[in-house]
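Asker: Following the hints, put chain B in place on chain A, whose structure we already have.
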Amino acid sequence: MTEDKILWTAQYVEGDLNEEERLAFENLLSHDEELKQHLADYYDIHSSLQMELANDSNRNTLVETIKTLNKEHFVAEQPKVVKFNPYLRWVSGVAAVLVLGMLIWEPWRSNLYKDFNVVPQMTVAERGAEKTDLDNAAGLFNEQKYAEAKVVLAKLHAADAQNAMISYYYGVALMETTEVAKGRLLLEELFNGQSVYKYDAVYAIAMSYLKEDKKTDCKFWLEKIPKDASRYEQAQNLLRKL
Amino acid sequence: MAKKVHEDQRYLVALLNNEVALVNEIYKKCAGKVKSFVLFNNGSADDAADIFQEALVDIYNQAKYKNLQLTCPFEPFLLLVCKRKWLNELKKRSISPVTKNEDDLLHIGEDTFEQAEALELQKEQASLFLKAFEQLGERCKEIISWSMKGEAQEKVAETLGVTYGYLRKKKSECMASLVKLIDRKND
Numbered sequence: 001m002t003e004d005k006i007l008w009t010a011q012y013v014e015g016d017l018n019e020e021e022r023l024a025f026e027n028l029l030s031h032d033e034e035l036k037q038h039l040a041d042y043y044d045i046h047s048s049l050q051m052e053l054a055n056d057s058n059r060n061t062l063v064e065t066i067k068t069l070n071k072e073h074f075v076a077e078q079p080k081v082v083k084f085n086p087y088l089r090w091v092s093g094v095a096a097v098l099v100l101g102m103l104i105w106e107p108w109r110s111n112l113y114k115d116f117n118v119v120p121q122m123t124v125a126e127r128g129a130e131k132t133d134l135d136n137a138a139g140l141f142n143e144q145k146y147a148e149a150k151v152v153l154a155k156l157h158a159a160d161a162q163n164a165m166i167s168y169y170y171g172v173a174l175m176e177t178t179e180v181a182k183g184r185l186l187l188e189e190l191f192n193g194q195s196v197y198k199y200d201a202v203y204a205i206a207m208s209y210l211k212e213d214k215k216t217d218c219k220f221w222l223e224k225i226p227k228d229a230s231r232y233e234q235a236q237n238l239l240r241k242l
Numbered sequence: 001m002a003k004k005v006h007e008d009q010r011y012l013v014a015l016l017n018n019e020v021a022l023v024n025e026i027y028k029k030c031a032g033k034v035k036s037f038v039l040f041n042n043g044s045a046d047d048a049a050d051i052f053q054e055a056l057v058d059i060y061n062q063a064k065y066k067n068l069q070l071t072c073p074f075e076p077f078l079l080l081v082c083k084r085k086w087l088n089e090l091k092k093r094s095i096s097p098v099t100k101n102e103d104d105l106l107h108i109g110e111d112t113f114e115q116a117e118a119l120e121l122q123k124e125q126a127s128l129f130l131k132a133f134e135q136l137g138e139r140c141k142e143i144i145s146w147s148m149k150g151e152a153q154e155k156v157a158e159t160l161g162v163t164y165g166y167l168r169k170k171k172s173e174c175m176a177s178l179v180k181l182i183d184r185k186n187d
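Residue numbers (the numbering used here), protein chains in the order written: chain A, 1 to 242; chain B, 1 to 187.
Isolated chain B, as found in the complex:
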């Protein structure tokens, strides 16, 4: 059952295309709220800015690489993502937060919770994949990281001094070892 994409998907598109006016609108709507939440919970304005930036980049990443489709309104989604990030940060600094997780969020829809959770989960997953990637042999790491940079694969082959055919063969082998490495960890 596919859920309907929310009209606020346009904010994601704005992030993808760096539409400054619309990104600024996001700030006008949400920055103040994130700031007061962080200030009230033992943080500074700089902390709030860092959290906000990280959240926006995460959302950009998920929209671009994970095809994130927003089925809930953008504002509560972003606020929730920021809150969760800050609470995690407090946990790291081992300060107990003033506001409880679910506090004053009761009016937020289930969709929003699900999407915020999925965002966090996918981010954690990506960093686990990256850790597995780090365990590959040097040659495999080189081939995969070059081919992920976003340039045309023919050009990547040229840079690495191999044929395009060899690159495809080697990349599939390396990626297969990576998948197996990740599978073993999950077992």
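Bound conformation, chain A alone:
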């Protein structure tokens, strides 16, 4: 019976019923919920299929419009070309030579890491007279005794791997000692997460590459820092210098 109703619905919609049959259908429709559902389903399937199969000239024109606008609005970033007047052209020429000279001389090169590496300070909320491992770790870390801090942090990290604060400082401590790769891995995990240390982790990774003079990697990470992150200004400054 259900299947007959489906066929009947199709015949009704497609105009394949005679007057008498049509009236009988509509009469039943007024109180048969199942038939109502069949009719709604029929329209649903019919319109979806039409959406897929129609040779829609309006849609084709719209796609043309979209393609044109895409070219305007989705161009890859390109440097702006600024036209100089002749006087400025001379000045800029001289300036360019000076800049080139500076680039060869590179008076700032050795200091980039020193200038931009921020030594993080680990702050831990005071919780009472008793000194916890976390307090110890913070103390050692802030005195830049990274090797010792690392041992305590490793223990804390093993106990609570989800703690973003511990992961961050542990990662930095690892990188400050000899375990750079391991530290980076840990910080990358933070970057993939959503903690407040997300972009601090990115910055620290960038610093570790700068320390090794791997500028491309350093840039790659710096560029991940978005405008609203606290490290953004610093990252942009450094990017300009690299």
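There may be inaccurate statements among the hints.
Said to hold, decoys possible - Across the chosen pairs, the derived CB separations fall in these ranges:
| no. | chain 1 | residue 1 | chain 2 | residue 2 | range |
| --- | --- | --- | --- | --- | --- |
| 1 | A | Ala96 | B | Lys28 | 51 to 57 Å |
| 2 | A | Tyr232 | B | Lys28 | 23 to 29 Å |
| 3 | B | Leu121 | A | Ala96 | 56 to 62 Å |
| 4 | A | Arg240 | B | Ser94 | 30 to 36 Å |
| 5 | B | Lys4 | A | Ser230 | 24 to 30 Å |
| 6 | B | Thr163 | A | Lys71 | 46 to 52 Å |
| 7 | B | Lys185 | A | Ala154 | 53 to 59 Å |
| 8 | A | Leu23 | B | Ala45 | 55 to 61 Å |
| 9 | B | Lys28 | A | Asp160 | 46 to 52 Å |
| 10 | A | Arg240 | B | Leu121 | 43 to 49 Å |
Bear in mind the hints are in silico, worked out from the structure with no lab data behind them. Note that CB positions come from ideal geometry on N, CA and C, so glycine has one too.
Answerer: Below, chain B alone, put in the same frame as chain A:
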């Protein structure tokens, strides 16, 4: 309870009628945001353009064939549709995204979520229907696809070399088999 149609429905009308000026306004409002989202999440400007285009065509389709009525503002709706599309694309490329789904979307109204979800659902459904359609016999496929092209049914009958009456009869039979095929899949 019918919700009030948002005044931004005019953007849907603009898509339907290919009103270039208003479509351009959509770009001015939203293209930059979609671009930075995609760029920030391992994509290129071209990826962003593709996503944007697909989203606009989807919205056009739903407006035209599914009578989509916008009950939320257009901009967050389009941005959400694009974001979801890009996150799905990343999933396909098996890259885990930087930004979580609901990230920075907290200020978006419930309506917007519902409408974006409905859009995605209906699109999935349409492709399932299309798959069922592909399973029909050749003659049925021919009749249905011709009658869906958008031309007058009398003309379709002529093209197929049958009478108008025969076309209606055959089309109802074929559509009924299609509906049954889809019903069986859903059971």
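Asker: Please go over all the hints and tell whether each is borne out by the structure.
Answerer: Cross-check of the supplied hints:
1. A/Ala96 x B/Lys28: 51 to 57 Å: 36 Å, violated
2. A/Tyr232 x B/Lys28: 23 to 29 Å: 25 Å, holds
3. B/Leu121 x A/Ala96: 56 to 62 Å: At 58 Å between Cβs, range holds.
4. A/Arg240 x B/Ser94: 30 to 36 Å: 35 Å, holds
5. B/Lys4 x A/Ser230: 24 to 30 Å: 42 Å, violated
6. B/Thr163 x A/Lys71: 46 to 52 Å: 49 Å, holds
7. B/Lys185 x A/Ala154: 53 to 59 Å: 54 Å, holds
8. A/Leu23 x B/Ala45: 55 to 61 Å: 60 Å, holds
9. B/Lys28 x A/Asp160: 46 to 52 Å: 48 Å, holds
10. A/Arg240 x B/Leu121: 43 to 49 Å: 47 Å, holds
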